[in-house]
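Novice: Listed below are the residues making up each chain.
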Amino acid sequence: MTLGMNTGMKKPIAAIAMRVAALAMLAGLAACATAADPGAMTLAAPQTAAAPFPTPLLHAMCVRDVTGGEETNPLWVSKVDNAGFKAALSSSLDAAGLSAGSGTCAYPVDVHLLGLSQPALGFDLTVTSHVNYKVYDASGQPYALATIDAPYTATVGDAFIAVQRLKLANEGSIRTSIQMFFDKLRQNHPN
Amino acid sequence: MERIFLKGLLIACAIGMSGCAAREFTAVAMTQPGDDQLTCAALKQQIADNSAAEAKFQSADKEVEQANVAKGIGSAIPYVGIAIAGSTDLSNEEQVKARALADRNQQLAYLAKQKGCPQ
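Chains as they are written, first to last, in my numbering: chain A, 1 to 191; chain B, 1 to 119.
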């Protein structure tokens with residue numbers, strides 16, 4: 001089908017199309033990176049009846065230490081920092097009924113964020129978080145040690161701006177990681 | 001000029017379409033099946049092997065970081081910058097593997113202590 005354009009009109013339209021495409025790409029690349037949001041990394045209370053946690057863990061856990069996170073450089077890419085991860089995991093423990101009251105933590109959790117595997121560019125961005133969760137009992141012995149690799153993909157439909165999409169992928173990956181950690185805790189032999 | 005721009009745009013789109021995905025790998029688990037059966041000699045050997053591997057990964061991680069800084073600067077070059085940015089390695093593979101081995105060694109050292117192995 002022809003649109004009935006003469007060659008004189010085609011050139012300006014092509015130039016405009018290229019400019020629009022270039023602007024769209026710049027919009028995708030130029031935004032400043034922001035750190036992952038703890039609220040978006042928090043696991044909500046399960047809506048369906050999930051397997052129960054071992055009774056001793058109920059209202060007996062707390063997050064003691066989180067290491068390995070990185071601060072976000074606005075000119076680079078979104079990262080997950082220690083404080084954000086700690087807030088997200090603490091809120092997730094709360095929502096699951098695992099948080100201990102103040103001074104009654106029998107099962108402290110230490111988290112080591114080994115790193116985030118992020119793509120440099122792309123439409124669908126998959127981030128995989130690699131996290132070691134170490135749960136100790138009241139005597140200081142390891143109760144559960146879990147190494148969890150958790151992938152999550154954010155699509156253009158989730159966010160058009162690439163830096164925002166990467167942030168969503170980071171947050172989704174940590175949320176998935178916490179979910180997988182909780183699944184391990186639900187098992188009798190979490191190791 | 002317009003043609004160069006168009007080529008640059010096409011390269012950028014090709015990168016975007018293919019996606020510069022991070023390399024897939026898994027971290028070494030802190031605990032592994034059969035750990036309880038390890039003898040003191042086996043524990044000592046594993047700890048030594050892991051420490052050597054950890055040092056190599058740490059060194060490789062520094063090289064990747066330095067290369068990424070150079071690529072970050074290169075990404076400002078018109079037209080080809082996006083291709084350079086696309087080659088940035090954000091997989092953190094070496095860092096993850098080094099840290100995972102350090103944690104693994106912590107657990108092996110704990111097992112050695114539990115077994116009363118000589119230091």
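Check each hint, because a few of them may be wrong.
[What the hints assert, rightly or not] Which residues of chain B face chain A? A few of them, derived with a C-beta cut under 8 Å, are:
{"id": "1", "residue": "31"}
{"id": "2", "residue": "41"}
{"id": "3", "residue": "43"}
{"id": "4", "residue": "45"}
{"id": "5", "residue": "46"}
{"id": "6", "residue": "49"}
{"id": "7", "residue": "78"}
{"id": "8", "residue": "86"}
{"id": "9", "residue": "91"}
{"id": "10", "residue": "95"}
{"id": "11", "residue": "99"}
{"id": "12", "residue": "103"}
{"id": "13", "residue": "105"}
{"id": "14", "residue": "107"}
{"id": "15", "residue": "109"}
{"id": "16", "residue": "111"}
[Stated by the list, open to error] Taking lysine to any residue and the SDA-like style, the derived pairs with C-alpha atoms no more than 25 Å apart in a straight line are:
{"id": "17", "chain 1": "A", "residue 1": "86", "chain 2": "A", "residue 2": "141"}
{"id": "18", "chain 1": "B", "residue 1": "44", "chain 2": "A", "residue 2": "142"}
{"id": "19", "chain 1": "B", "residue 1": "71", "chain 2": "A", "residue 2": "161"}
{"id": "20", "chain 1": "B", "residue 1": "71", "chain 2": "A", "residue 2": "164"}
{"id": "21", "chain 1": "A", "residue 1": "184", "chain 2": "B", "residue 2": "35"}
{"id": "22", "chain 1": "A", "residue 1": "184", "chain 2": "A", "residue 2": "54"}
{"id": "23", "chain 1": "A", "residue 1": "184", "chain 2": "A", "residue 2": "56"}
Note that these hints are calculated values from the structure, not bench results.
From the three backbone atoms N, C-alpha and C, an ideal C-beta is built for every residue, glycine too.
Novice: Decide, hint by hint, whether the structure agrees.
Specialist: Structure-based check of each hint:
At a threshold of 8 Å, the smallest CB-CB gap from residue 31/B to chain A is about 5 Å, leaving the interface hint in force. With a cut of 8 Å, the hint placing residue 41/B at the interface with chain A is violated, because the nearest CB-to-CB distance is about 23 Å. Residue-level restraint check for residue 43/B is violated (minimum Cβ-Cβ distance to chain A is 16 Å; threshold 8 Å). For residue 45/B, the interface hint is violated, the least distance from its beta-carbon to any beta-carbon of chain A being 21 Å, above 8 Å.
For residue 46/B, the suggested interface contact is broken, since its CB lies about 16 Å from the closest CB of chain A, more than 8 Å. The beta carbon of residue 49/B comes no nearer than 18 Å to any beta carbon in chain A, farther than 8 Å, and the hint placing it at the interface is violated. Residue-level restraint check for residue 78/B is violated (minimum Cβ-Cβ distance to chain A is 11 Å; threshold 8 Å). Contact between residue 86/B and chain A, as hinted, is supported at the beta carbon level, the nearest pair being about 5 Å apart and thus within 8 Å.
Taking 8 Å as the C-beta cut-off, the interface hint given for residue 91/B holds, the closest approach to chain A being about 5 Å. At its closest, the beta carbon of residue 95/B sits 5 Å from a beta carbon of chain A; the interface hint therefore holds under the 8 Å criterion. A distance limit of 8 Å between C-beta atoms decides the matter here; for residue 99/B the minimum to chain A is near 4 Å, and the interface restraint holds. At about 5 Å, the closest approach between the beta carbon of residue 103/B and any beta carbon in chain A falls short of 8 Å, and the interface hint on this residue holds.
At a threshold of 8 Å, the smallest CB-CB gap from residue 105/B to chain A is about 12 Å, leaving the interface hint violated. Hint status for residue 107/B relative to chain A: holds, with the closest Cβ pair at about 6 Å, below 8 Å. Against a cut-off of 8 Å between C-beta atoms, the interface hint on residue 109/B is violated, since the closest Cβ of chain A lies about 12 Å away. Of the supplied interface hints, the one on residue 111/B is violated, with its beta-carbon coming no nearer than about 10 Å to a beta-carbon of chain A, more than 8 Å.
For the suggested pair residue 86/A and residue 141/A, the alpha carbons sit about 22 Å apart, so the restraint of at most 25 Å is met. This hinted pair checks out: residue 44/B and residue 142/A have alpha carbons roughly 20 Å apart, not beyond 25 Å. With a C-alpha separation of about 21 Å, the suggested pair residue 71/B and residue 161/A falls inside the 25 Å cut-off, and the hint holds. At roughly 21 Å between alpha-carbon atoms, residue 71/B and residue 164/A fall within 25 Å of each other, so this suggested pair holds.
Restraint check for residue 184/A and residue 35/B: the C-alpha separation of about 19 Å stays at or below 25 Å, so the hint holds. At roughly 11 Å between alpha-carbon atoms, residue 184/A and residue 54/A fall within 25 Å of each other, so this suggested pair holds. With a C-alpha separation of about 15 Å, the suggested pair residue 184/A and residue 56/A falls inside the 25 Å cut-off, and the hint holds.
Hint compliance for this structure: hints 2, 3, 4, 5, 6, 7, 13, 15 and 16 are not met, and every other hint is.
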